[in-house]
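One line per chain: the protein sequences are A, B and C, in this order.
Read in order, the letters of the first sequence correspond to residues 0 to 70 in numbering that gives the first Met the number 0.
Read in order, the letters of the second sequence correspond to residues 0 to 110 in numbering that gives the first Met the number 0.
Read in order, the letters of the third sequence correspond to residues 0 to 247 in numbering that gives the first Met the number 0.
In short, the hints are calculated from the structure, not lab data.
Please note that a few of the clues may not be correct.
Result set (SDA-like, lysine to any residue): computed pairs, CA atoms no more than 20 Å apart in a straight line [as the list claims (entries may be wrong)]:
#, chain 1, residue 1, chain 2, residue 2
1, C, 122, C, 156
2, B, 3, C, 199
3, C, 150, B, 46
4, C, 224, C, 163
5, C, 153, B, 7
6, C, 155, B, 84
7, C, 19, C, 62
8, C, 224, B, 59
9, C, 80, C, 42
10, C, 155, B, 60
11, B, 84, C, 144
12, B, 80, B, 56
13, C, 56, C, 230
14, A, 22, C, 49
15, B, 3, A, 25
16, C, 216, C, 176
17, C, 155, B, 78
18, C, 153, B, 58
19, C, 121, C, 148
20, B, 51, C, 146
21, C, 80, A, 11
22, C, 183, C, 120
23, C, 1, C, 100
24, B, 2, C, 216
25, A, 22, C, 104
26, C, 121, B, 49
27, C, 217, C, 173
To give an idea of the chain A side of the interface with chain B (calculated C-beta under 8 Å), a few residues [to be verified]:
#, residue
28, 9
29, 11
30, 14
31, 26
Glycine is no exception: its CB is placed at the ideal position from the N, C-alpha and C atoms.
Listed here are the chains, written in short residue letters.
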Amino acid sequence: MDNVMLKSKDVTLLEILDRVLEKGVVISGDIVISVADVDLVYVGLKVLLSSVETMERLRGAPFAGAGEEPT
Amino acid sequence: MNKKVKTDSPDVFIAEMGKIQEALPERIDANPQNVEKGLAKLVLTLVELIRKLLEKQAMRRVEGGSLTDEEIEKVGETLMKLENKMKELKEIFELKDEDLNINLGPLGDLM
Amino acid sequence: MKIYTYGVIDSNSGIEDSNKGIEGAHVHNIPYRDIGIAVSDLDERYKKNVNPDHILKHEEVAERLMERFTVLPMKFFTIFKNKEEILSMMSEYYDSFNENLDRLRGKLEFGLKVIWSGNTIKKRIAENNTGQGQSELLSNGSLAQNYVMEKFEKYKTDRQFKEEGHKYISTVNRFFSGFAVEEKLNMLKSEGLLLTASYLVEKAKQDDFKQAFERLKKNGPNDLKYLFSGPWPPYNFINLTKSEFKKV
């Protein structure tokens, strides 16, 4: 698996993230349970983005209680 | 799902999209230690928005050429005070410019 | 056990799909009146281990649905406690879902991103603006006056920067007009990301649209970088409103 193929898979995933994390049918209200947005983005970015800037931002971000159910 | 994305420069796009602040939406943190900081972020983001709007308004008036030297002086002093106050508040709450990135939705579009 | 949702579809009959959804669960349709929502069962523990495979699977299911139905794709990881709550949600949004399904039927979303050397361009403009006839003011002016003039130079730079951006965007967008039913343009999400655009295109016109991108690459401004994507389910073209009165 050479670098070019990895990159194109990354870009595809980035484009998907760009859509599924914030767009589409967004239901608000008590009946929806959904993973906290920040956790999702953290997962996506951690895997995908190697830009130093982003990593530094993530290191400083307050992901307190990641994985806990939002009340 | 391959071949959905076509670009000659995947690296450049990956790097650029990494810079977008919006990619990290603000989360309401219920952890009590961070509640205060979360509130400060919200308040300061709004104050910063207002400061920017005032600044923009002032710039338009300068551009229009309708201000006297005295008025420019007054505007300058006000804007300087506002900017310094913001710096102070950011220091007190240990917040940087990048932290004041809360998505204000339609309010944010005012800028 | 919770219920994971993939997308609202314009069908109230079964989805015969042998392919699985998230964590290998069976994807099926929960009908509501003349529409439905494609779902699968999800063990709660997966909530703590969300990973890119889940994201890819979510998109994969949405796209399989898109082949046979009109689909309003759900935001990733929208889950419900049980079937009753899903039906309650469906009734609240029924009219809006229908409006969207009708509007989006037979259409696809395509994306375009354009990068320019924003950094360089801004510097060039700033250099042009610096010290233009301000020397008089700078030597006579007070701190406050100079402050205003500096701000004003920055303001002019920003404004000219945006104007130049608009010119490029007009040029680029012209390649696609006539092929899209609707478009959403987002300018300068970052200094380098000049344009993020979504286009809603009729299925019958998708080849024309793809060719428009090839023409853009060939004949468009060569100091820009382009990224083209699609077809996608219409994530960017959903307008949702709750019904004022709950229907039973």
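Could you tell me which of the numbered hints above are not met by this structure, giving the numbers in increasing order?
Per hint list: 5, 6, 8, 15, 21, 22, 23, 26 and 31 violated.
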